[in-house]
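A.B. asks: Sequence:
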Amino acid sequence: MKICIVQISPQKGNVSANIDSHLAAIRSAVVLGIDVIIFPELSITGFEPALAKQLVQNPHSASFDCFEELAEEHEITIGIGIPTQSDTGLNISMLIFQPSKHRQVYSKTILHSDELPYFVCGDSEPVIQVRGQKLGIGICYETLQNERFLQSVNLGAKAFIASVAKPQNGIHKANSLFASFSKKCSIPILMANSIGYCDNFLSAGQSTVWNSKGKVIGQLNDVSSGLLIYDTETETVLKQSYLV
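Take the position in the sequence shown, starting the count at 1, then add 6; the result is the number in our numbering.
FYI, nobody ran anything at the bench for these hints, they're computed from the structure.
Positions of the beta carbon are idealized from the N, C-alpha and C atoms, including for glycine.
You may find that some hints are simply not true.
When the alpha-carbon atoms are kept at most 25 angstroms apart in a straight line, the in silico BS3-like pairs for lysine-lysine are as follows [stated by the list, open to error]:
1) Lys-140 with Lys-59
2) Lys-107 with Lys-140
3) Lys-107 with Lys-164
4) Lys-8 with Lys-189
5) Lys-164 with Lys-18
6) Lys-8 with Lys-190
7) Lys-140 with Lys-164
8) Lys-8 with Lys-221
9) Lys-140 with Lys-221
10) Lys-164 with Lys-189
11) Lys-219 with Lys-179
12) Lys-190 with Lys-140
13) Lys-107 with Lys-8
14) Lys-221 with Lys-245
15) Lys-164 with Lys-190
16) Lys-59 with Lys-8
17) Lys-179 with Lys-189
18) Lys-140 with Lys-219
19) Lys-59 with Lys-18
20) Lys-219 with Lys-190
21) Lys-190 with Lys-221
22) Lys-164 with Lys-179
23) Lys-164 with Lys-221
24) Lys-107 with Lys-59
25) Lys-219 with Lys-245
26) Lys-107 with Lys-189
27) Lys-179 with Lys-190
28) Lys-221 with Lys-179
Computed spacing ranges between beta-carbons, pair by pair [claimed, not checked]:
29) Arg-137 with Asp-93: 16 to 26 angstroms
30) Glu-153 with Glu-75: 18 to 28 angstroms
31) Lys-190 with Cys-72: 32 to 42 angstroms
32) Thr-94 with Ala-68: 32 to 42 angstroms
Could you put together the complete structure from these sequences and hints?
C.D. replies: Pasting the structure below:
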């Protein structure tokens, strides 16, 4: 299986422009034979907690039909980041498109204290099925929590994908913890981070793939949009490229 993580710079609140940049990234990745493509946290709106009420998205909106069509046409799984409304409040969510399936919403289950004034925790199961294999998924802060990572592993995940929006200090923590987690559980970890300003911080990019021994085998820089494609069969990064 070929898993692609995307590093991208969302425009603050500009959903239409962000959809266009997502589509361009997906089309660039499809020609490289990917099976899964995952974007950073709240990639469609930008990570803007104070604006979440205005930016909340309907997962069933026709605006997202283009992703469903690409998932069907190319038989791929696509994960994009949006704020959604639940019965208890706003969630930080990943909207997942898969061929011949209804759209799925994965909502972040463990929030950072800074997010609590704006969002509530979800209760999603942290695995998705792709081509007969289970992949663990998580969103930013929760992916650094040992119990959440182990939950994916215990459910049979063969790789773990973290969709994040992290500044440089968050990258330092991720570098340490993800290397430790992957080595301890013998499972590769992929982290898709954004670049550019989010809320009150600069997102530091450096999207990374760690192999099952905890070694970094692919990493993007801190300023450019790009793709990392990981092959689960060979445990190698097939492609590390930057988007124009």
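A.B. asks: Confirm or reject the claim that Arg-137 and Asp-93 have a C-beta distance inside 16 to 26 angstroms.
C.D. replies: About 33 angstroms separates the Cβ atoms of Arg-137 and Asp-93, which means 16 to 26 angstroms is violated.
A.B. asks: Look at the Cβ atoms of Glu-153 and Glu-75 and judge whether their distance stays inside 18 to 28 angstroms.
C.D. replies: Since the Cβ atoms of Glu-153 and Glu-75 sit about 37 angstroms apart, the hinted range of 18 to 28 angstroms is violated.
A.B. asks: Does the alpha-carbon distance linking Lys-8 and Lys-189 stay inside the 25 angstroms limit?
C.D. replies: holds, 21 angstroms
A.B. asks: Need the status of pair Lys-107, Lys-59: alpha-carbon distance at most 25 angstroms?
C.D. replies: Violated, at roughly 28 angstroms.
A.B. asks: Holds or violated: Lys-107 and Lys-8, Cα atoms, limit 25 angstroms.
C.D. replies: holds, 20 angstroms
A.B. asks: Straight-line Cα separation of Lys-179 and Lys-189 no greater than 25 angstroms?
C.D. replies: The given pair, whose Cα atoms are some 16 angstroms apart, holds under the 25 angstroms limit.
A.B. asks: I want to verify a distance hint. Is the separation of the beta carbons of Lys-190 and Cys-72 within 32 to 42 angstroms?
C.D. replies: holds, 39 angstroms
A.B. asks: Within a Cα-Cα threshold of 25 angstroms, do Lys-190 and Lys-140 meet the stated pairing?
C.D. replies: holds, 19 angstroms
A.B. asks: Hint check: Lys-190 vs Lys-221, CA-CA at most 25 angstroms. Holds or violated?
C.D. replies: holds, 12 angstroms
A.B. asks: Mind checking the alpha carbons of Lys-140 and Lys-164 for me, to see if they're no more than 25 angstroms apart?
C.D. replies: holds, 6 angstroms
A.B. asks: Could you grab the alpha-carbon distance between Lys-179 and Lys-190 and see if it respects the 25 angstroms cut-off?
C.D. replies: holds, 16 angstroms
A.B. asks: For the pair supplied as a hint, Lys-164 and Lys-221, is the alpha-carbon distance within the 25 angstroms limit?
C.D. replies: Given that 25 angstroms is the threshold and the Cα spacing comes to 16 angstroms, the pair holds.
Of the numbered hints listed earlier, those contradicted by the structure are 1, 5, 16, 24, 26, 29, 30, 32.
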